[in-house]
Amino acid sequence: MTVESNALVKAEAPRTVVIKPVNGWAALNLKDLWVYRELIYFLTWRNLKVRYKQTALGAAWAILQPFLTMVVFSIFFGNLAKVPSDGVPYPIFSYTALLPWTLFSKALTDAAHSLVQSSHMITKVYFPRLILPLASILSGLVDFALAFIVLFGMMIFYGMMPTANVWTIIPFVLLALITALGVGIWLSAMNVLYRDIGYVLPFLTQFWMTLTPIAYPASLLPEKWRLIYALNPMTGVVEGFRWALLGSAASAPTGMLAVSTGISFLILITGLYYFRRMERRFADMV
Amino acid sequence: MSDIAIHAENLGKQYIIGQRPAAYTTLRETLSTAFSSSVKKLGDGRGENNKFWALKDVSFDVQQGQVLGVIGRNGAGKSTLLKLLSRVTDPTEGRAVINGRVGSLLEVGTGFHPELTGRENISLNGAILGMKHSEVERKFDEIVSFAEVEQFIDTPVKRYSSGMYLRLAFAVAAHLEPEILVVDEVLAVGDAEFQRKCLGKMSDVAHQGRTVLFVSHNMSAILRLTDETIVIEKGHLAMRAPTPQAVDYYLSAGFSQEGQRTWLPDEIPADAAPFKPVSIRVRNPQGNVVDTLRSTEPVTIEIEYELDAPITGLRVGMYLLSMRGEYILTSFDTDDPEQFDRKSIRKAGHYVSRCTLPADMLNEGRFMIAVNASTFRVKRYFQDEQALTFNIDAAGAPGMHWPEPRLGPIRPRLTWNIEEV
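Residue numbers (full-length UniProt numbering), protein chains in the order written: chain A, 1 to 286; chain B, 1 to 421.
Rather than coming from a laboratory, the hints here were simulated on the basis of the structure.
Think of the CB as a built atom: it goes at the ideal place given N, C-alpha and C, for glycine as much as any other residue.
Just so you know, not all the hints are guaranteed correct.
Quick list of in silico lysine-lysine cross-link-like pairs, DSS-like style, CA-CA up to 30 Å [stated by the list, open to error]:
| hint | chain 1 | residue 1 | chain 2 | residue 2 |
| --- | --- | --- | --- | --- |
| 1 | A | K31 | B | K132 |
| 2 | B | K379 | B | K343 |
| 3 | B | K343 | B | K51 |
| 4 | B | K379 | B | K158 |
| 5 | A | K31 | A | K20 |
| 6 | B | K158 | B | K139 |
| 7 | B | K343 | B | K276 |
| 8 | A | K53 | B | K343 |
| 9 | B | K51 | B | K276 |
| 10 | B | K379 | B | K347 |
| 11 | B | K139 | B | K197 |
| 12 | A | K82 | A | K224 |
| 13 | B | K139 | A | K49 |
| 14 | A | K49 | B | K158 |
| 15 | B | K56 | A | K20 |
| 16 | A | K20 | B | K51 |
| 17 | A | K31 | B | K139 |
| 18 | B | K234 | A | K20 |
| 19 | B | K132 | B | K158 |
| 20 | B | K132 | A | K49 |
| 21 | B | K276 | A | K53 |
| 22 | B | K276 | B | K56 |
| 23 | B | K276 | B | K347 |
| 24 | B | K51 | B | K234 |
| 25 | B | K276 | B | K379 |
| 26 | B | K139 | B | K201 |
| 27 | B | K234 | B | K56 |
| 28 | B | K201 | B | K158 |
| 29 | B | K234 | B | K379 |
| 30 | B | K197 | B | K132 |
| 31 | A | K53 | B | K139 |
| 32 | A | K20 | B | K132 |
| 33 | B | K132 | B | K201 |
| 34 | B | K158 | B | K197 |
| 35 | B | K276 | B | K234 |
| 36 | A | K31 | A | K49 |
Label pairs and their calculated CB-CB ranges [claimed, not checked]:
| hint | chain 1 | residue 1 | chain 2 | residue 2 | range |
| --- | --- | --- | --- | --- | --- |
| 37 | A | I149 | B | E135 | 34 to 40 Å |
| 38 | B | T330 | A | L57 | 47 to 53 Å |
| 39 | B | E338 | A | A59 | 43 to 49 Å |
| 40 | A | L57 | B | H350 | 57 to 63 Å |
One chain only, chain B, in its complex shape (with noise of 0.2 Å):
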């Protein structure tokens, strides 16, 4: 038992629909509620359709000294776990038992306030995180430069840089000692360079014989920084396995789709409204909905939605991954200033958005595609990460004579010329 850090058994949490989502609630509020749902029940008795489990029968066990990732598509349930572990919220039903000190990062620079000088938010934000203030003294320079805002320190948070303060929000974090550490896609923070690093101390701590639970979207570090991983799926534990495995499994089981995805109603956040996806799929140019297309071949990309009330600047676009969760490109429906313009107000309606990768220019393997709809700076109405998965055959694409894997996610047709001087 002792070297069991996390011991989870049948955790539960339920909420109640309206109730996370509605920013707050008023008297009068409660009261017409109260009133109305009590007119219903005379009505037709059915309460329970507005409840859900976010989390539900989920049981692990996480050993001293492991770290496990954790890995599920957008509303599975993974920030629901971190959280009851964390002990931010309670669950409905089920119980932890956690052996040691937890250290969550939820978010980094919990707790920072604009206002205070840096030395003075890396004291607060230590105690905030739970550490003893000796701790946060003996390290402090430490911390200091990681961040790298020596020159800094004893200047107020609310003048630093975006990248400066997220730095030296994650390096307070990431000194926190904790016998168990729950992380929450922290590394998403910073410059391209800040991230190698958090990275690297990620693995650092991974490698001290820490507990650590490992939340993230990027498989590449999920693959790098764990050696099991548990897959969520609507709630549930889906699986639990060697981490290349269970990446396998999210990868293929969860998303095979046939080059088609609709979305549910539940996978639709209420926030996003007037916005609503609909579906998203491939199409190889003969207009067939395929899974698997050919790297010789035009792929065409289609968003479907719906607008029940017009937006102003609304751009719908696509990121493209790998499936190890590096970016290739980034493309939105309204890039070209003419075309948005044109299309300054949407009105409310049934749209396709639709756009075509050029022949010759995704390498073999699968691809992803992430969907976001977004007034830039306004509001982004809707995001999935994870929108659809589809495969790129190599057949007939350069230097397919070789027949050994190409390095890189594009494999464009370049003209060489090969000039005797």
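Same shape as in the complex, but just chain A (with noise of 0.2 Å):
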């Protein structure tokens, strides 16, 4: 469906839409997204809102999750397989690691859900449909924040203090969430299609988090695979992570964020299209 419209103008002045077929790959709607900004944010709330409904320890599981997920790894991999971790104190280093990827992990898996958990809103009121993975990913930030304020408890514990580069988490936090939209906008569309996505979904992430170097360094790999171990988007942001936080690494991890960065924005970017190119049909199909 294309939309041909002049919607910045004043909200009273009537906006012309041309509804036609589109074959094809569609150009992308974007301008639509912004007509639509409120919804985003009203959905994103509403999703804070509900998350923790009736739960006895309500917010508190944003906290707990990848803090007894340290715990855990601290015991197995740090105490007792002696898994190494750059010099930093094993339960701040995978604590750190555990931050983006609860955020990335949860974000994606949310966002897969979201059309087909929205069907009622789909076969009957039009907006961009982007806006439902993309209120699912935001709303992942606030989580997010809660559990950070525990790793700087957990700094002070150990008596270390942030690098100078700490400001360089906002663009890894952006890397997480644009890596989390990208595969979660290719997933939610297949899903309409393929509730085999479904199933996938735990799989997928677990397979994912064992690729990532959150129970170990990256380091543990030979020079000459860690480029390609970067085509993990997730490397980078979890490597840059552990550098802007901890300084684990003398220099900043530039080869293998650069890669991630490319990887996560190719799948973004191609995500678009197809979301884009599936939306006409999400209605019939969902």
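Starting from two chains that each stand alone, build the complex the way the hints lay out.
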């Protein structure tokens, strides 16, 4: 569906919409996303409101998940298996990685289910469908912020100071979100057609976690394999986090970051086009 | 051009049968159909017959400020048309130009979340329907008082009664102020009192100079709210005329079926299985299938159907309606508890459920029978809101010596006693 609209004129002025069939790869319709920006906000807010309703521990879950994983990792990988941790205490080493990972995996899972879960909305009202995965991803940020506070507590406990590069976690978080969005929109659109995605997801995130240097450092890999390893965008994110917060490597993992960023944008752009192409069939298929 | 709100040109929407009713596909199914269809192609090369046009070659214009009714039988393509115009799905062919912001009410309460409070749902639902937040804020009090939920506005809607829920949902939708409003049957919510209020609100909207496209089965609502109406039949635009004329056409031409109606395969939704409606007819006391019966004679109604598999707790029945869409009665073949026990499992087979309306019951005019086959609170197998119409002739009915139309759908022969006291 193509919309030729002059949407940004005053609300009073009627906007003209042309409805016609679109074949092939439609142009991205990002303008409409801007028109519907309030809906992005409200759906994000709804996801947050609803997430911990009728739970005893409420938002504490946002902290408990990465924290308990960190405890288990520290006992088994840190203490028993003696996995190296680039000279940083193992608990803080793994927790720093679990932060972006939890953000990523949660955002990915929510985004992948977002369309199917909102099928009643898709079949009844028009709005840019991209808003659904987008809102699922944004709502993960609050959990991330909560879990981040714990990291500061841990850093104080271990007497560590963040490096001067601490501000770079912002682009790293963005990179994690872009990756989650890219993969999320691919999966969410496929999920409309193939409910297999629902079964693939838990396996995918588990598999992906193993491929990401969370329980172990990327330095465990031989130098020549690292750039290939960075084809997993989360590698760049996690290593970047450690570098920015803990100074675990002397220099920024620039090469890995470049590869990770490139892949991440590739997934996002192809995902956007795939989503666009499938979008017009969602209401008939979901 | 600028005074035209909606310009539709040869709009068409094609569905692939099997794509729509199936809840979803899995990769395995896709792979296996890909395989089997390529095998089929080798066989006979017919790939086209599993496609059908839900809507085809529909062209019309709606003037700015016009209230246009849309009527048609179930499955005629009305909802598809509304979905196309509200951009929920896009057309297979043709185009439509829409001047103005479209608000669509294909269903009320879209996006309502049970865990959120009434207040929160108003904001959310407003945003989903395309209202600006400032607009929602401005109308908030009006919405709440229209829905009559003031006391519960900070309670999660999952604790609402179903009536309160529907009222709130309708209230938000009713306060949308787009230039073009597309409405589908939302009036069928709530109790009679609230329905009246909804109709009132709709007629306010209609008289505010807004462009409205109004789909309904309720002929009296259509007559009341619209001046002009289009009739859709089997995906085509059958007629466009002033509403009274269009309603007449729809009620008579579309339905004169000589007291009998046989369901065609494409009129039976796939999810009706294992229930398969065959036909419905009305008979006079002589046993003839006729279109016109006498008020003074009993009317026998027969619903013929097949069951491909046994159904437990099935009830097959009918609603009798006036042509204005008002319900006169509801009756099921297992209304009698003993009968219900005896027939608790209806085996696969070929059945006729028959009942007789007593003599001296209906007033003159046309009546509509709607058919429903369901198991209570479990599943509705089949429903046809406009299964058959028949005519009642009042000759010999009470009061015929006064040549005046009698109000009301029924005309029983009551025993009056005149006593001097």
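Problem - K139/B paired with K201/B [C-alpha distance capped at 30 Å] - result: Cα-Cα ~15 Å, so holds.
Exercise for the section: Below or equal to 30 Å on CA atoms is what counts here, so check K139/B against K49/A. Expected result: Holds, at about 23 Å.
Exercise for the section: For T330/B and L57/A, compare the CB-CB distance with the range 47 to 53 Å and indicate the outcome. Expected result: Holds: the Cβ-Cβ distance is about 50 Å, inside 47 to 53 Å.
Exercise for the section: Given the hint that K82/A pairs with K224/A, test it: the Cα-Cα distance must not exceed 30 Å. Expected result: Between K82/A and K224/A the Cα gap is close to 24 Å, so the pair holds against 30 Å.
Handout entry: Restraint check for K379/B with K158/B, where alpha carbons must lie at most 30 Å apart
Key = holds, 23 Å
Exercise for the section: For the pair supplied as a hint, K234/B and K56/B, confirm whether the alpha-carbon distance does not exceed 30 Å. Expected result: Measuring from Cα to Cα gives roughly 9 Å; hence the hint holds.
Exercise for the section: Starting from K53/A, check that the Cα of K139/B is at most 30 Å away, please. Expected result: Given that 30 Å is the threshold and the Cα spacing comes to 28 Å, the pair holds.
Practice task
For the pair we were handed, K276/B and K53/A, check the Cα-Cα distance against 30 Å.
Solution key: Status violated; Cα separation ~44 Å.
Handout entry: 30 Å Cα cutoff - pair K31/A, K20/A
Key = Given pair K31/A, K20/A holds - Cα atoms ~18 Å apart, limit 30 Å.
Problem - K51/B paired with K276/B [C-alpha distance capped at 30 Å] - result: Holds, at about 22 Å.
Exercise for the section: Could you grab the alpha-carbon distance between K56/B and K20/A and see if it respects the 30 Å cut-off? Expected result: Given that 30 Å is the threshold and the Cα spacing comes to 14 Å, the pair holds.
Exercise for the section: Please work out if K139/B and K197/B have their alpha carbons no farther apart than 30 Å. Expected result: Given that 30 Å is the threshold and the Cα spacing comes to 18 Å, the pair holds.
Violated hints, in rising order: 3, 8, 21 and 39; the structure is consistent with all others.
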